[in-house]
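Asker: Given next are the chains, with one letter for each unit.
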Amino acid sequence: MWCPGPGVEERVLDVAVAGVGMTRFGRLRDLSFRDLAADAFEAALLMAGLERGDVDALVLAAESDTFTLQLNPSAVVADDLGLVGAAASRVEGGGASGGLAVQAGAARILAGLSRRVAVVGVDVTASSLPGDAVRDLYGFSFDAWAEGMTGVTATALYALSFQAWDGGATEDDLARVVLKNRGNACLNPRAHLPRRHEPGEVEASPLVASPYRRLHCSPLSDGAAVVILARPADLPATRRGAPRLLGIGAATDAAHLGARARPGRFAAKSVATRRALEMAGIGPEAVVAAEVYDAYAGAELQGVAALGLSENPVADLRAGRFDGGGALPVNLSGGLLGQGAPPGATGVAQVATCALLVEGRYHPGLQPAHPVDVALADTHGGVCTTAAVTIVGAAT
Amino acid sequence: MRLDLHLAYDLAEGWLAPHLAGLREGRAVASLCGACNAATFPPRRACVCGGRASGWVTLPGTAAVASRTEGRDGAFALLRFDGAATATVARAEGLPPGATRARLLPATGERPALLVGEEAP
Chain Z
1 MWCPGPGVEE RVLDVAVAGV GMTRFGRLRD LSFRDLAADA FEAALLMAGL
51 ERGDVDALVL AAESDTFTLQ LNPSAVVADD LGLVGAAASR VEGGGASGGL
101 AVQAGAARIL AGLSRRVAVV GVDVTASSLP GDAVRDLYGF SFDAWAEGMT
151 GVTATALYAL SFQAWDGGAT EDDLARVVLK NRGNACLNPR AHLPRRHEPG
201 EVEASPLVAS PYRRLHCSPL SDGAAVVILA RPADLPATRR GAPRLLGIGA
251 ATDAAHLGAR ARPGRFAAKS VATRRALEMA GIGPEAVVAA EVYDAYAGAE
301 LQGVAALGLS ENPVADLRAG RFDGGGALPV NLSGGLLGQG APPGATGVAQ
351 VATCALLVEG RYHPGLQPAH PVDVALADTH GGVCTTAAVT IVGAAT
Chain Y
1001 MRLDLHLAYD LAEGWLAPHL AGLREGRAVA SLCGACNAAT FPPRRACVCG
1051 GRASGWVTLP GTAAVASRTE GRDGAFALLR FDGAATATVA RAEGLPPGAT
1101 RARLLPATGE RPALLVGEEA P
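The listed protein sequences correspond, in order, to chains Z and Y. Numbering-wise, the first sequence is residues 1 to 396 according to my numbering. Numbering-wise, the second sequence is residues 1001 to 1121 according to my numbering.
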């Protein structure tokens, strides 16, 4: 059990998501990563009701300098955003970068180091390099000295992990996940891949790494997302009721897929979730919407299982429980499959989505009919080598 | 704006040098745990038992195939080398579909890659 020290639980509950901003995700050839970060930041600042001088720290999530070709990007982004003088740092954890950055921003507030933190997630994986080059670079996201030297791709590693999963998913189930998420994306004006695939289209797409076909894979995307965190007392009166971070948890697993006792299980995600739920003082049944890291269709099902949100994810998928109108909608944004996947921005966008859902102001057609008191944002890097889970809830 | 950048890395092999040298010659050199004596392949400094690697051992180089994936990205397998306590991912272009056994092949090219082929070609 996680044992809070004196007052710790109260402090965690006291961090608000004051403002959120997000650019469109996609192949945005005319916008630099600096443009994207600035656009998302301005929107978040406006929502928070703050001036830029109120922000005293920047935490930047950007997966790799090989995409932006900008070393020390946090200082450059701080300059662009008019935050010179603020503390600025960069957080990196592969696909979990954004989730970890939100947690690092919350930690700064909890530690009393900052009062208002802008967490900026941004990446440009679609337009800065050829797709094959990005695929090769992603192959070094695992153990570069072992798997990386074989030339293995992320898709192949995810495929081997999915094959080892004992959840009983079929090719039809993989297609269901794709249709669900890209269907949700049709109602998300910022999504990279809003699609209503024809029957059989997913199964007919080219084989990348069995069982994964092209349409089972999330795209390479450009985009940015920002959340501004602060204690309610440090916010304008209009935003003191903003959604709260209820719990944060992170964990790691063995870097080598083969070194894990059960390569199909996302064990780090389970540990991170337990930590986040214990901090929030709730069980998984309290979660009524989730943004789950669906880099590949099967990874969503593996993720839902590891998060403890379903005892039988495949049966619940088939029953429609994870649909937009279901009891536990998963990836209303479209997820990585539909909304897109700029790695640094992904986890920040997930938390932003959860905050908007809790406030009841998400996109028309996607906001659930039932109140979203608690939502969960789930990211990971590698094949769930690094996991970060964040729980967002209503202020009361 | 367009920028062509070519980077030629010369990475120190460090502690992994005996293992990587083995891969170039087709020998499966695993780390040996000083606490439980388990062989780990590919090597890890920290054993699953919590002990630390204290030496090296050369395994037979044969392996049991657990699963395999193939497609546009190539062919790769998850397999466990005989004598190893952990499994590994290897490039498996030379492994026939349905094969349940494999053997380590000498790495070709500049990269010290884990390659496997038929156990008894």
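Worth double-checking, as some hints may not be accurate.
What the hints assert, rightly or not - Counterexamples of contact, computed for chain Z against chain Y with all Cβ distances above 12 Å:
hint, residue
1, Asp143
2, Ala254
3, His370
4, Thr396
Said to hold, decoys possible - Here are the computed distance ranges between Cβ atoms for each label pair:
hint, chain 1, residue 1, chain 2, residue 2, range
5, Y, Ser1054, Z, Ala327, 36 to 42 Å
6, Z, Glu198, Y, Arg1072, 44 to 50 Å
7, Y, Gly1109, Z, Leu69, 26 to 32 Å
8, Y, Pro1018, Z, Glu285, 50 to 56 Å
9, Y, Pro1097, Z, Arg196, 31 to 37 Å
10, Z, Pro364, Y, Tyr1009, 45 to 51 Å
11, Z, Glu171, Y, Gly1014, 42 to 48 Å
12, Y, Ala1035, Z, Glu171, 41 to 47 Å
The hints are simulated quantities; they were obtained by calculation from the structure and are not laboratory data. Where a beta carbon is used, it is the ideal one built from N, C-alpha and C, also for glycine.
Asker: Are the hints correct? Go through all of them and say.
Answerer: The hints, checked one at a time:
no. : hint                             : verdict
1   : Asp143                           : 8 Å, violated
2   : Ala254                           : 8 Å, violated
3   : His370                           : 40 Å, holds
4   : Thr396                           : 44 Å, holds
5   : Ser1054/Y x Ala327/Z: 36 to 42 Å : 53 Å, violated
6   : Glu198/Z x Arg1072/Y: 44 to 50 Å : 22 Å, violated
7   : Gly1109/Y x Leu69/Z: 26 to 32 Å  : 27 Å, holds
8   : Pro1018/Y x Glu285/Z: 50 to 56 Å : 51 Å, holds
9   : Pro1097/Y x Arg196/Z: 31 to 37 Å : 35 Å, holds
10  : Pro364/Z x Tyr1009/Y: 45 to 51 Å : 50 Å, holds
11  : Glu171/Z x Gly1014/Y: 42 to 48 Å : 43 Å, holds
12  : Ala1035/Y x Glu171/Z: 41 to 47 Å : 44 Å, holds
The structure fails to meet hints 1, 2, 5, 6 from the earlier list, while all remaining hints are met.
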